[in-house]
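Q: Just so you know, the sequences run in chain order Y and U. Following numbering that gives the first Met the number 0, the numbering of the first sequence begins with 0 at its first residue and continues without gaps. Following numbering that gives the first Met the number 0, the numbering of the second sequence begins with 0 at its first residue and continues without gaps.
Check before you lean on any hint, since a few could be wrong.
Derived DSS-like pairs (lysine-lysine); straight-line CA-CA distance at most 25 Å [unchecked claim]:
id, chain 1, residue 1, chain 2, residue 2
1, U, K196, Y, K112
2, Y, K57, U, K196
3, Y, K196, U, K196
4, Y, K216, U, K196
5, Y, K139, Y, K57
6, Y, K196, U, K216
7, Y, K50, U, K196
8, U, K196, U, K51
Source of the hints: derived by calculation from the structure; they are not laboratory data.
Number of protein chains: 2
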Amino acid sequence: MANASNEHIVTSYEDELTELTRAISEMGGMVEVAITNATQALIRVDHELAKKTSKADKAVDDMQRYIDEKAVSMIARRQPMAGDLRHIVSAIHVANDLERVGDIAKNLARRVKHIDSQRVSKQLYNGIRHMSDLALAQIKRSLDSFTLRDANIALDVCRRDDEVDALYISLFREFLTYMMEDPRNITDCTHLLFCAKNLERAGDHATNIAEAAYYLKTGENLYYDIESGKVDLH
Amino acid sequence: MANASNEHIVTSYEDELTELTRAISEMGGMVEVAITNATQALIRVDHELAKKTSKADKAVDDMQRYIDEKAVSMIARRQPMAGDLRHIVSAIHVANDLERVGDIAKNLARRVKHIDSQRVSKQLYNGIRHMSDLALAQIKRSLDSFTLRDANIALDVCRRDDEVDALYISLFREFLTYMMEDPRNITDCTHLLFCAKNLERAGDHATNIAEAAYYLKTGENLYYDIESGKVDLH
Chain Y
0 MANASNEHIV TSYEDELTEL TRAISEMGGM VEVAITNATQ ALIRVDHELA
50 KKTSKADKAV DDMQRYIDEK AVSMIARRQP MAGDLRHIVS AIHVANDLER
100 VGDIAKNLAR RVKHIDSQRV SKQLYNGIRH MSDLALAQIK RSLDSFTLRD
150 ANIALDVCRR DDEVDALYIS LFREFLTYMM EDPRNITDCT HLLFCAKNLE
200 RAGDHATNIA EAAYYLKTGE NLYYDIESGK VDLH
Chain U
0 MANASNEHIV TSYEDELTEL TRAISEMGGM VEVAITNATQ ALIRVDHELA
50 KKTSKADKAV DDMQRYIDEK AVSMIARRQP MAGDLRHIVS AIHVANDLER
100 VGDIAKNLAR RVKHIDSQRV SKQLYNGIRH MSDLALAQIK RSLDSFTLRD
150 ANIALDVCRR DDEVDALYIS LFREFLTYMM EDPRNITDCT HLLFCAKNLE
200 RAGDHATNIA EAAYYLKTGE NLYYDIESGK VDLH
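Let's have the full structure, built from the sequences with the hints guiding it.
A: Structure below.
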């Protein structure tokens, strides 16, 4: 929190809003690195990197607390009008989603020690890598939609969540096939299946962030219906 | 939202705080019913109840939005002092955790259609039922700690999260054994394993709520270290 020590300097309201957006971007960068490292640790069976990734989650949690406190103090001190209030509240929600993505990275990293990489087919790891790339792309784009206040990017992120879900479903089937072929694969496959599910959930958080960005820009709620795959305006 | 139409009546600050706590209790009741029904639907393979449970989640989401808006508007209008500010912000966080528990119930309900109950051993269903009972008890107690502002109940909830985790780990092993014994069980067992994992996560949300209650009462952060199972004060 580079700016924590400057808090006593009187800053303009605009500067405070900018700092809030900057903090969200910084936190976004942190969780992108966390997901990237956790995936690398899984694929390379790198226990050191797994440990490092798991430990780094504390900084993400601290960042959420910083954003929370900053947002609440702004609401209390500045009594913002509707538009700005919307901006500040959305920062609380986005930080919450990013914190969950950080938790997902930590969970992925923790599974490294449970998986016997010798047994696992390279093809399954490729599936995980692909899943991670897609989820990361969604998170990046959702943060773009938030910081640029771009409703079109936000809509695009919501629509593309289908790709993440479709990949997860195809991976799910692939894992089941491996397990049925040779029951000795079951333990490793189950752990990797949880990893795939976690990455699918990271994609859901990207959708949440995009929805917040859409609301911020338009003042309208965008509901993405998971069942039908349709984006609805309410 | 019984009180929404009364918003134009001038209410005291104390009344607004009480209404916020009441709304949290109501939302807590809603997700408790949702988890209970979802578990029943799973165990009885009741597709109607599953559909009803899945649909009911919208009311939980609406309740979260109501609490969010109420809390933010209170912060903006009343400029509360530290103690009250803490109370209002914690309502936002607790509502967020309850919304996630609602999502978990919806996810459980959605799995009903994927599971062939004829194949699944009664013992595994018993495990799921036990997991659900434990998670529900934790959620109830965490809401008690929040509404009664009772730090001891909050600490107790955090300590008991170990039981939920231990049960999940023993179920995880049991499911793996069933899958290895007969690969035809793999599909059903995998779905039920995700249900168990979801219930374990519901327990984590109870811990989050208890941590918020503890902070509300004492002003101190209580970190529950999942790795060591120790409750730490920071």
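Q: Confirm or reject each hint.
A: Here is how each hint holds up against the structure:
For a cut-off of 25 Å, the pair hint linking K196(U) to K112(Y) stands: about 19 Å separates their Cα positions. The suggested pairing of K57(Y) with K196(U) holds, with an alpha-carbon distance near 23 Å, which does not exceed 25 Å. A hinted pair counts as satisfied when its Cα atoms are at most 25 Å apart, and K196(Y) with K196(U) qualifies at roughly 11 Å. The hinted pair formed by K216(Y) and K196(U) fails the criterion: a straight-line CA distance of about 36 Å is larger than 25 Å.
Distance restraint check for K139(Y) and K57(Y): the Cα-Cα separation of roughly 21 Å lies within the 25 Å cut-off, and the hinted pair is therefore satisfied. At roughly 36 Å between alpha-carbon atoms, K196(Y) and K216(U) are farther apart than 25 Å, so this suggested pair is violated. With a CA separation close to 23 Å, the supplied pair K50(Y) and K196(U) stays within the 25 Å bound. With a C-alpha separation of about 22 Å, the suggested pairing of K196(U) with K51(U) holds against the 25 Å cut-off.
Violated hints, in rising order: 4, 6; the structure is consistent with all others.
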